[in-house]
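Asker: Knowing the structure of chain A, use the given hints to seat chain B on it.
Each chain, letter by letter, is given below.
Protein chains: 2
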Amino acid sequence: MSLAKIAVDISSGDHGASVTLPAAIKFAQNTPQVELVLVGDESIISPAIPEKLKNKIKVLHAPETVLMDDPPVIALRAKKRSSMRLAVDLVRSKEADICVSAGNTGALMAMSHTRLRTIKGIDRPAIMGSFPVSKGKEICLLDLGANVTASSENLFQFAILAHGLQANQLNPKPRIALLNVGHEDIKGTAVVKETAEKLHACDALNFIGYIEGNELFSDKADIVVCDGFVGNIMLKSCEGIVKTLYEKMLTGLKNRLIFSLTFKNILKKLMKDTFQDYSTDHRNGAIFVGLNGLVLKSHGNASENSFLKALELGLTVIKDFDCQKYESLVAKITSSEVCL
Amino acid sequence: MSLAKIAVDISSGDHGASVTLPAAIKFAQNTPQVELVLVGDESIISPAIPEKLKNKIKVLHAPETVLMDDPPVIALRAKKRSSMRLAVDLVRSKEADICVSAGNTGALMAMSHTRLRTIKGIDRPAIMGSFPVSKGKEICLLDLGANVTASSENLFQFAILAHGLQANQLNPKPRIALLNVGHEDIKGTAVVKETAEKLHACDALNFIGYIEGNELFSDKADIVVCDGFVGNIMLKSCEGIVKTLYEKMLTGLKNRLIFSLTFKNILKKLMKDTFQDYSTDHRNGAIFVGLNGLVLKSHGNASENSFLKALELGLTVIKDFDCQKYESLVAKITSSEVCL
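Protein chains in written order, with the working numbering: chain A, 1 to 340; chain B, 1 to 340.
Careful: at least some of the hints might be erroneous.
Below, a list of computed lysine-lysine pairs in the DSS-like style, where the Cα atoms sit at most 25 Å apart [stated by the list, open to error]:
1. A/Lys269 / B/Lys269
2. B/Lys137 / B/Lys187
3. A/Lys243 / B/Lys236
4. B/Lys79 / B/Lys54
5. B/Lys268 / A/Lys243
6. B/Lys236 / B/Lys137
7. B/Lys137 / A/Lys220
8. B/Lys52 / B/Lys5
9. B/Lys79 / A/Lys236
10. B/Lys254 / A/Lys268
11. B/Lys248 / A/Lys269
12. A/Lys254 / B/Lys236
13. A/Lys198 / A/Lys243
14. A/Lys137 / B/Lys236
15. B/Lys79 / A/Lys272
16. A/Lys187 / B/Lys319
17. B/Lys248 / A/Lys272
18. A/Lys220 / A/Lys236
19. B/Lys137 / A/Lys248
Because the hints were derived from the structure by calculation, they are not lab data.
For reference, chain A alone in the conformation it holds in the complex (with noise of 0.2 Å):
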């Protein structure tokens, strides 16, 4: 394959350089056939990355910082220098395939949407991720926050555009749910109802019907769709109680007297192997989609190993996507007859 070239935005996050610029100079280390402009303070950042590096590691100087609690309407007017704006700019002209940020989510929506528009035919942009499902699969879910609220139009738009990043030679046609609270049709908002019929007329989309909340993890459904405000709840709420039942087995393995070490071990082991595909340590990375150009958000608190992860995550977004192929599609089921 050709160089794929990843803009990451090296100040913003929780703990900005400290964390991403370590993980990005790993990123370069271990992976081939991959160029990084690294976007921040260029007096920290060039003097970090190695010799041998030069050549795959570039750096744009960015002056300012967008905080993380900085309102989008700031981050957008008055931080025009920013490492978030400009390695979204530089995905914007194409010098990269995507950006990587750990900023926080509002601002690096507001500023990928004015950068980079959203694609023909597609009104909303909207926030893309992933869950572990059984048998080593995985669940896309759409969206987890850029939308507060969406009409039954925004969310067939997301159902098409998950379905273009899903859709390859193996599973042509991935299975599309509704997320609702109940599987009748009488069940759920206005919303989710006109949604409902909308993709069931739609003969390019396999549209599989509604899901409730406790079947997400086995495997019924490759994509899932609702509005941005259930699915971050839904997704924070899974999060949490992931986190609280590790800590609570963690309490109760050490108020237990096992003074078998190797026991200890294997326990560890097999709680790490359980939960670790839930932990945000192991995957991060959520994609904007909708718009004309990649963008990846990272945790705001993301760890060294963890933003790491999200950089390979970009890395795998850009192989399996091609922009034109993504364009094209969308007009053509958005301009459909069949659809509307």
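Answerer: The following block gives chain B in isolation, referenced to the frame of chain A:
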């Protein structure tokens, strides 16, 4: 305390009398100061009651059963002699302090709403459940599915209803939070923001602001308010992921060569201790609040043990609940100038 009277809907639920009847009999056997009215098919129920329990178990014959897929309107109009309807009517006529049913939620809510009516000042009933948080405490969540949409006035009233049930001498002003996608004032839907304003303005309630999904399990609030669409999906997603994690650990355990039975048992005990608080087998039951009487909804597919937990919860709720005090508190807050 005086005798607690519980009406049990025997025929409803995925498993009907095969589960509810033995659970109810066991409950009567183990619980002093309780009187049950078992509502359902007399020819099944009566022969099953042991002679020595006949003084504390009455039977009310109901020739009809509301099925799990009966639409609420069918249940209401065509099944006036159903076990569900007659059990709710025992609460209406004050012959029972609470009705416990594993029947279909929509039908049970429609029946309860129609037969019991809302408390003066309350426009809509809600479903309230609880979840364990750290330090052995619980968090109350509502609405869990009675209202797929809710106005700010509805959400505000839900807060009052939960406050009325939760406030006690030990905790006279329980912490009330509003479920949202962030903490900042700009976050959330218009309805959520309006509700926050109403709650802030109400001195009688201890409103602590917004809470995010990942904070639900960390003892930051005593009561969390949301609409029934979000609440239902959040609750079921958490149940889904807990089940998935538990099964993953069990499989991991089976696939490991651990020869010591002692270790296996220690581990199983540890897993049980960790997960059982969140399992529907260990805790079961959501309360319909806002009505002139108490109704408790058990999981439809509850096992015998799980239905027993619902009956136990029902008894606790009766003990903690003073209907008149509750109604006057609701009246006081809803009519208070401070809140309007």
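Asker: Could you run down the list of hints and mark each one as holding or not?
Answerer: Hints versus structure:
1. A/Lys269 / B/Lys269: 18 Å, holds
2. B/Lys137 / B/Lys187: Not satisfied, since the Cα-Cα distance of roughly 28 Å exceeds 25 Å.
3. A/Lys243 / B/Lys236: 17 Å, holds
4. B/Lys79 / B/Lys54: 28 Å, violated
5. B/Lys268 / A/Lys243: Holds - the C-alpha atoms of A/Lys243 and B/Lys268 are around 20 Å apart, at most 25 Å.
6. B/Lys236 / B/Lys137: Satisfied, since the Cα-Cα distance of roughly 20 Å is no more than 25 Å.
7. B/Lys137 / A/Lys220: Violated: B/Lys137 and A/Lys220 sit about 34 Å apart, past 25 Å.
8. B/Lys52 / B/Lys5: Given pair B/Lys52, B/Lys5 holds - Cα atoms ~18 Å apart, limit 25 Å.
9. B/Lys79 / A/Lys236: 41 Å, violated
10. B/Lys254 / A/Lys268: 15 Å, holds
11. B/Lys248 / A/Lys269: 13 Å, holds
12. A/Lys254 / B/Lys236: Violated, at about 30 Å.
13. A/Lys198 / A/Lys243: The given pair, whose Cα atoms are some 37 Å apart, is violated under the 25 Å limit.
14. A/Lys137 / B/Lys236: Since the Cα atoms of A/Lys137 and B/Lys236 sit roughly 20 Å apart, the hinted pair holds (cutoff 25 Å).
15. B/Lys79 / A/Lys272: At roughly 52 Å apart (the allowed maximum being 25 Å), A/Lys272 and B/Lys79 break the hint.
16. A/Lys187 / B/Lys319: It is violated: about 34 Å lies between the C-alpha atoms, which goes past 25 Å.
17. B/Lys248 / A/Lys272: 11 Å, holds
18. A/Lys220 / A/Lys236: 21 Å, holds
19. B/Lys137 / A/Lys248: 14 Å, holds
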